[in-house]
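Chains as they are written, first to last, in my numbering: chain A, 40 to 205; chain B, 82 to 700.
By construction, these hints were calculated from the structure, which means they are not laboratory data. For glycine and all other residues, C-beta sits at the position ideal for the given N, C-alpha and C. Each hint can be trusted.
Per the computed footprint, the stretches of chain A lying under chain B, defined by three or more beta-carbons under 8 Å from a beta-carbon of chain B, are:
hint, region
1, 62-68
2, 92-104
3, 159-165
4, 175-185
In silico DSSO-like pairs for lysine-lysine, Cα to Cα no more than 27 Å straight-line:
hint, chain 1, residue 1, chain 2, residue 2
5, B, Lys695, A, Lys185
6, B, Lys695, A, Lys183
7, B, Lys191, B, Lys205
8, B, Lys191, B, Lys134
9, B, Lys641, A, Lys183
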Amino acid sequence: MPVTETDEVKELLTQFGKRRSSLIAVLQEVQRTHRYLPQPTLRRISQQLEIPLPEIYHVATFYNCFSLEPVGRHVVQVCMGTACHVRGAPKVLDRLLTDLKLPKLGTTPDAQFTLRTVRCVGCCGLAPVVRVDDHTHPNMSQPKVKGMIRKYAARPETANAVPAHK
Amino acid sequence: MPRLNSVQQLEEYRAFLSSRASHRPCLTVCAGSGCTAAGAHDVLDALRKEIRKQKVDDEIELKSTGCHGFCERGPLMIIWPDGTFYNRVTTANAAEIVRSVRDGKGAVEKLLYKDPVTGQRVQKEDEVPFYARQKRILFGNNGRIDPQAIEDYIAVGGYCGLAKVLSEFQPEQVIENVTRSGLRGRGGAGFPTGVKWSICRKYAQTKGGECYLICNADEGDPGAFMDRSLLEGNPHSVIEGMIIGSFAIGAKEGYVYVRAEYPLAVEHLGVAIGQAEQSGILGDNILGSGHSFRIQIVQGAGAFVCGEETALIASVEGRVGEPHPRPPYPAQQGLWRKPTVINNVKTWASVPVIINRGADWYASIGTEKSKGTMVFSLVGKINNTGLVEVPMGISLREMIYDIGGGIPDGKQLKAIQIGGPSGGCIPADLIDLPVDYEQLTKAGSMMGSGGMVVMDETTCMVDVARYFMEFLADESCGQCFPCREGTQQMHNILTGICEGRGTDSDLERLEDLGWMMRETSLCGLGQTAANPVLTTLRYFRNEYLEHIRNETCPAKVCRKLIIYEIDPTLCNGCGACVKVCAGQAILGEKDQPHQINSAKCTKCGACLEVCQPKAVLVS
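Whenever a hint applies, use it, and build me the whole structure from the sequences.
Written as structure tokens, this is what we have:
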């Protein structure tokens with residue numbers, strides 16, 4: 040990693056305050072920068088905040104927005120909210136699994152895509168929706184999946200995305 | 082933006098803003114999440130360019146606003162001052178729109194909403210049937226103001242309620258007014274807001290005065306997005322409600338707990354808090370009154386259970402969001418073990434309205450025990466999807482047919498799911514049920530935070546029950562046994578029924594598990610988790626029995642129970658289905674009837690979606 044974790048963690052703790060209640064906010068910031076929670080960083084946070092590492096992992100695995108694994112260049116999130124469900128989200132998800140050649144949710148071997156589900160992104164009026172990186176694709180259907188994937192596969196990276204670490 | 086040091090300065094500033102308000106036309110484009118996904122920002126850019134190109138920068142204003150609610154027809158636009166309402170605007174319309182405003186010509190006819198019943202085009206928002214039956218006291222300003230400009234909010238009467246409270250009211254009077262208005266918690270449970278505040282104030286006073294205030298914006302209910310739209314579209318209304326609340330209970334600090342999945346809401350709220358602080362409306366010595374109050378944003382990290390108030394408090398404290406038994410209720414002992422008032426976004430936003438227009442006025446809206454308006458997200462199998470704000474007590478029929486425009490493609494209404502995973506499915510024959518807290522509970526559902534998902538004949542109720550149970554099994558925090566194991570077991574049984582492995586005794590077991598969870602779970606999540614199952618069993622028992630006894634899914638949803646076939650008399654051999662088939666299961670010569678190899682068919686249904694002559698049959 041180019042920046043040493045020590046500096047990163049120290050900076051974050053100056054920003055959010057070196058106290059227990061900052062833990063989730065700090066983890067969210069780490070997740071935003073690296074797009075996952077690297078283990079060395081978690082160790083540093085544990086030392087700095089004097090919270091036992093298992094407790095940090097308890098928090099990191101409890102909340103859905105944290106990932107302990109690196110993610111692909113593009114994160115594809117299928118909304119599984121109720122409105123999306125009744126309008127065909129499960130079929131769109133299956134089609135994504137087929138087209139990305141993934142046996143289950145996760146990252147493709149070439150680290151191009153990470154496929155996830157999300158509980159509800161609040162675009163229920165346009166159901167079913169799929170969010171790729173920061174862009175929301177409304178009224179999705181199976182036939183639209185292939186074109187959408189192709190569009191992103193052609194793009195090397197989104198502007199704000201950090202490449203996945205191997 | 083000047084710093085305002087007294088209520089009088091605020092009023093003077095408001096007068097200045099209104100006098101400055103230009104009479105030049107203003108184009109407002111909805112930039113809520115729905116319209117943004119539909120391309121609102123491209124439309125904004127195109128309009129901006131066009132205004133420059135036609136050299137009318139000084140004559141025409143352009144503004145992006147929050148969600149107007151009618152997401153189905155986005156991107157939406159309103160042209161002020163006359164209120165011309167356009168829907169489904171595209172970048173290609175930009176030149177024509179700007180030209181028509183510049184030349185003072187009439188509206189662009191083709192962008193006006195066309196009433197599907199009469200076929201007539203209507204010019205104003207209020208004439209659109211979707212809006213005509215609504216009463217938008219919380220969402221009314223969303224289409225007028227730029228959510229990132231405090232001046233806009235003040236100009237339409239914002240912070241009037243706060244001014245009134247600071248200059249005319251004692252804290253007890255505020256609580257008395259909120260109590261008298263009949264306002265009940267809009268997060269779902271419907272606890273009287275004024276009572277909650279007075280309990281908190283009482284406990285705070287006996288324990289040294291320290292207390293907190295929290296806005297619950299952890300809108301985890303899938304299928305609901307009104308809290309998001311309010312925070313994105315009118316964040317100052319929520320802040321104003323919180324400041325009034327802090328004055329009433331005597332809190333110095335408050336938190337907004339908002340989902341990280343709502344980045345735009347976080348951003349707009351952050352900007353609004355900053356502006357309120359700069360102008361002296363928030364922070365130390367608010368408007369010179371001596372009252373001080375600060376608001377911090379805490380972002381949720383994606384856990385449904387954190388909508389439960391004790392779990393939310395744990396999360397604000399930086400811990401895992403595990404609920405604890407009540408009592409003590411947060412109003413007695415909450416954040417950092419101090420008395421804490423937690424209210425939903427819409428509850429806070431209702432407070433300034435109550436203060437401004439009076440408790441009696443507010444109490445005159447709604448039914449005997451449910452006062453004011455409720456905001457629903459009307460989604461699913463319905464023509465007009467979007468956000469609607471209606472008086473309490475409106476019937477489901479008015480919601481679905483008058484506002485929602487009925488069910489698409491001539492299909493039949495089957496059920497309405499209200500209240501998310503804690504709520505239940507109300508069958509079509511209860512369509513005249515008035516919507517209020519008591520009636521919904523009586524029907525086995527609950528108000529919840531206002532998600533209203535409409536289901537038609539192609540929705541399988543067993544699959545819906547299974548869907549909610551999968552969600553809840555995943556989101557159960559795992560702390561207490563009845564919820565952790567109960568949701569898992571129910572999910573297993575429901576999956577078995579959906580796959581044709583069910584038995585009659587499964588239904589009894591589901592009911593037993595449901596009652597056990599209701600009686601013995603630790604928090605609201607577990608206590609209400611069985612509602613979707615219990616209500617579907619109560620109203621759609623035959624559909625369960627069809628799955629169990631005949632191994633058929635009447636709605637043709639459950640994959641293990643259906644077969645896809647092609648009708649050779651209808652198939653024209655176009656080959657569209659072959660291209661989309663996930664399992665390469667469709668064979669046939671070009672222009673000749675095709676066949677589906679059922680051994681390879683994954684039952685994804687893609688062929689059905691693309692088949693023009695409707696030759697794909699499901700049985």
